Each structure stands twice: as structure tokens, then as C-alpha cells.
Amino acid sequence: MSAGSSEEQLLEFLYACPVGLIECDAAGDIAMMNPHAMQHLLPLAGPRDASNLFSALEQHAPELRNMVTAFAPATGRICDGHRIFLAPPKKRRSTPTVLACTLVKLGPDRLMATLTDISQQVVQEQRLRQADTWFATLLDGVNDYAALTITADGTIASADACFTQQTGHDITAVAGRNLGEILETDASGGDLCLDEQLAIAARDGWHLQEGWQQRANRERYWCQRLVVARSESEGPPASRYSVVLRDVPRREAAAEDLRRLLTKDHLTGAANRRHFSQVMEREQTHWRDLRQSLSLIVLDLDHFKAVNDTHGHPVGDIVLRRVAEACAALLPPRGIFARLGGEEFGVLLPRYARDQAVALAEDMRTAIAAI
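Numbering follows this note's numbering, in which position 45 of the sequence shown is assigned residue number 45; successive positions increment by one, without gaps.
Treat the hints loosely; a few may be bogus.
Derived lysine-lysine pairs resembling DSS-like cross-links, with alpha carbons at most 30 Å apart [claimed, not checked]: (1) Lys105 - Lys305; (2) Lys105 - Lys264; (3) Lys305 - Lys264.
Read the hints as simulated data drawn from the structure, not as lab findings. Computed from a predicted model, the values in this text were never measured in an experiment.
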């Protein structure tokens, strides 16, 4: 086989490969990329430098640059299938885009990167996790379950005896009352309120949610709630809903440790970038479907590099923690405060109008200036 023939075959492979392939140096400057890589990278770069991998992905995956810098071996795999969550598309009901990035160090100043669109896979994983969690409770670890029927506005029409056993609320006392008032959800943890659950169930046919609830004696327990839309004969769609509540035993301390590990920034205790992206994706879906207010604040600390250069990184870490504490103290119950990377923070505010968000941003700016 001639050298020319080998080169032609290599080019054919690069053009036909269904995965984005990128070759760059340690600083991210791109030497080669195939058409699939261009399709992914160019729209993400926007006004930024599309000829540099790290600059193009700075808005969505700023951690990649740090991962390369921190990788000490001369060669090897830096990351494998690292997920990059992009902002959901504007088109209603469209699937948010998720890319999987693999970085391999081929030499002191040579990297190979792959980009693969795994959006459909992520959606399927989420649905499967919901189904697995639900059906696992049928086989193991379920204390009891309760079934009830509610009207379109959440009013309890009927409930079985297990409802009293599980929640401690007397059936006759709760009949005619709103389920959302009796069993409140944990809005601070991102759980949907009853009206939002009913809206999704009316659209999709069902909705599954799990989180902390309180019994009549104020004892907290972990509950899985399935809401299924029903239609009466000759009646309007979703005129009633069936609700199944499952009490699942769970080690609270271990669960909280795991949740903190997966969702929190290790330095500041704020939400991490990945959790922030997941919550934003969900809240943008609610905004499109339910037309509720949604606001976003982005905070960037001025001259923070000078703090690190003058006083050292330990002092810089203290400043970041103080900023996170000051801003978190001002956060409303449903708000999410996250460290997006370096000295950049984000605040997501469901059901917050623009003027409310502007006022909160000014309060946070004042609190940071006072540190």
C-alpha cells in the first residue's frame, strides 16, 4: 500500500467517523479536527476562539483545561466519557444536548480528544433510573404504600387505610383538603410542588418524584410519589389523578453524604457546576411548559487573581468560601447557588421575576463588597 493511498484512507476514515476527533497541543490549540468535531465545536464556541479546544468549551466545560494541567504522566487517558451538559434548545420538547468527551495525552505537547453526542442515551438513562427505583421498591425495602384519588386542583377525593398508616393523617379529616397542603414537598431540595407534578402528569400521562415528606407528627421520611392522570368517561382529559405513595427506608446520613458528594463544590459548599446544569435544564423545561418566571444571576469576582498572587491560594480559598456563605444566606427557598468554576458563581431563581432578581443581585454584590 502506497503512502498516498494510506493518507487517502485515513482522510476517508476521518470524514466518515461518526465521532468528533480533535488533535491539539497541551494549550488546546487545534491542529486537526474532522467534520463531526466541527459540527459540535463551532456552535459552542460562539464569539470565542474556535481554534482552541479549551476556549471553545470554556462556557460549558471549564474544568477540561484544569484536568489536562493536573495530569502528570507523560502519556495516558486524562478523562473517559466526561459529560458536558449544554443549555437546552429553545425548541419546545426538544432533547437537551449532552456530549461525552474523552481526552488522551499522546505526548508532552500532544492531545487527542473525542466528542460524542449522547443526548438520547442520557434521556434513556434517566427514565430507566426512575423505572428501576420504582420497581425496586416492589421487591425490596418497602414498608408500605398508600393510594388515593385527587381532583384536577389537588383536592383529595378518596384514600385507602394505608394512607393513615403511612402519614398519620386521618382519612376523614383530610377528605376535601388539598394534598399539597397536607404533604408538603421540599422546595429547597428542588422538588416540584403538587401543581407542577399535576401539570407534568397531565402532559406525559404520569410523573414520578422522590424526596423527603413529613408525617402528621412532623417526622420526616423518604417517599416516592407516583402521579397518574386519569380521564372520566365523557369527561375532560386528566379530570382526576391517582396518587401512590411509597415509604422507602433509607439511611439518612449515608444518603445526605452521597448527595453532598454528587452535588456540592468541595471547597465552598455551593452547588457544583454539574448539579447547577441539571437543575437549570429541569427548570427551563418547567419554564417552557408551565410559563413560570425564571431568572439567572452570574457573579464574577473582580481582581481575584490579584488576591491569589499577593496573598496565596489558601487566602483565595477563604475568600471564595466567604463569598459563598454570604450569597447563600440571601438565597430564597427554591434558589440554587453554585460555583461554576474559579471565581465565577451562578444563581438560579425559579419563580423569580426580573426586578426581584435585579434586587437580589444588588444585595449579593453589597454583601460581597463588605467581606
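Each hint tested on the structure:
Between lysine 105 and lysine 305 the CA atoms are separated by roughly 28 Å; this keeps the pair inside 30 Å, and the hint holds. At roughly 29 Å between alpha-carbon atoms, lysine 105 and lysine 264 fall within 30 Å of each other, so this suggested pair holds. Between lysine 305 and lysine 264, the direct Cα distance comes to roughly 23 Å. Compliance with the 30 Å bound is thereby established for this hinted pair.
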